[in-house]
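Input sequences plus hints: build the corresponding full structure.
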Amino acid sequence: GENVEQHPSTLSVQEGDSAVIKCTYSDSASNYFPWYKQELGKGPQLIIDIRSNVGEKKDQRIAVTLNKTAKHFSLHITETQPEDSAVYFCAASLRIGGGADGLTFGKGTHLIIQP
Amino acid sequence: DAGITQSPRHKVTETGTPVTLRCHQTENHRYMYWYRQDPGHGLRLIHYSYGVKDTDKGEVSDGYSVSRSKTEDFLLTLESATSSQTSVYFCAISELAGMGETQYFGPGTRLLVL
Numbered sequence: 001g002e003n004v005e006q007h008p009s010t011l012s013v014q015e016g017d018s019a020v021i022k023c024t025y026s027d028s029a030s031n032y033f034p035w036y037k038q039e040l041g042k043g044p045q046l047i048i049d050i051r052s053n054v055g056e057k058k059d060q061r062i063a064v065t066l067n068k069t070a071k072h073f074s075l076h077i078t079e080t081q082p083e084d085s086a087v088y089f090c091a092a093s094l095r096i097g098g099g100a101d102g103l104t105f106g107k108g109t110h111l112i113i114q115p
Numbered sequence: 001d002a003g004i005t006q007s008p009r010h011k012v013t014e015t016g017t018p019v020t021l022r023c024h025q026t027e028n029h030r031y032m033y034w035y036r037q038d039p040g041h042g043l044r045l046i047h048y049s050y051g052v053k054d055t056d057k058g059e060v061s062d063g064y065s066v067s068r069s070k071t072e073d074f075l076l077t078l079e080s081a082t083s084s085q086t087s088v089y090f091c092a093i094s095e096l097a098g099m100g101e102t103q104y105f106g107p108g109t110r111l112l113v114l
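Chains as they are written, first to last, in our numbering: chain A, 1 to 115; chain B, 1 to 114.
These are computed hints drawn from the structure, not numbers from a lab. In this text the structure is predicted, and so the values were computed from the model without any measurement. Some clues are possibly wrong.
What the hints assert, rightly or not - Here are the simulated DSS-like pairs of lysine-lysine, each with C-alpha atoms no more than 27 Å apart in a straight line:
#1 K37/A with K57/B
#2 K37/A with K11/B
#3 K57/A with K57/B
#4 K70/B with K68/A
Said to hold, decoys possible - Facing chain A, a subset of chain B residues (Cβ under 8 Å, in silico):
#5 G42
#6 Y48
#7 G63
#8 T77
#9 E101
#10 P107
Heads up, the beta-carbon is just placed ideally off N, CA and C, and yes, glycines get one too.
Set out below in structure tokens:
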């Protein structure tokens, strides 16, 4: 099956600086890579995603890059703000039974924004 | 939370008792999933459904069963709860979107098995 590694497990940055979280995946058949943000006591919220036919995608302060050859993808957050503090999860998607997609998640990165 | 509710939101139970968690969606999405979240493991897929009465196992399905008798409801049952099933359980839904589906998650159910 798919295996997703995520680094770092904890990341502390000064407010206004950039944050980068990196993930690698093992199965070259994976074709969809979402990123989720999870605040304490809540469910994961999708913040950005990328499909394997695209190398980069941006949405305001958030960007994701994908390198299919190396099987890694990264989340970039610029001009970090206190409300960016949360746990971030990357995931890779593989087609499973009945046309469904199974997500394999990384173990998460606790992002701390220092004032 | 994309029209997804989970009930109960919190539950404490004893080892050996049956437990059923409910996921309800108002989006009429075809696919529904149950995940568990544990420290150091991220989220792991338990079971999923690709239509009414169509379900299959995920990565960590031992000790769990599911049922889907209506599009909007997906039930997760622990036949005889064990302490190792203490976890936070999340339901997710998606609609087929070509290459990869976007999955939207519910608010979660926190389960403690004593």
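Results of checking the hints against the structure:
{"no.": "1", "hint": "K37/A with K57/B", "verdict": "holds (26 Å)"}
{"no.": "2", "hint": "K37/A with K11/B", "verdict": "holds (25 Å)"}
{"no.": "3", "hint": "K57/A with K57/B", "verdict": "violated (33 Å)"}
{"no.": "4", "hint": "K70/B with K68/A", "verdict": "violated (39 Å)"}
{"no.": "5", "hint": "G42", "verdict": "holds (4 Å)"}
{"no.": "6", "hint": "Y48", "verdict": "holds (5 Å)"}
{"no.": "7", "hint": "G63", "verdict": "violated (19 Å)"}
{"no.": "8", "hint": "T77", "verdict": "violated (20 Å)"}
{"no.": "9", "hint": "E101", "verdict": "holds (5 Å)"}
{"no.": "10", "hint": "P107", "verdict": "holds (5 Å)"}
Hints 3, 4, 7 and 8, counting from the list given before, are not met by this structure.
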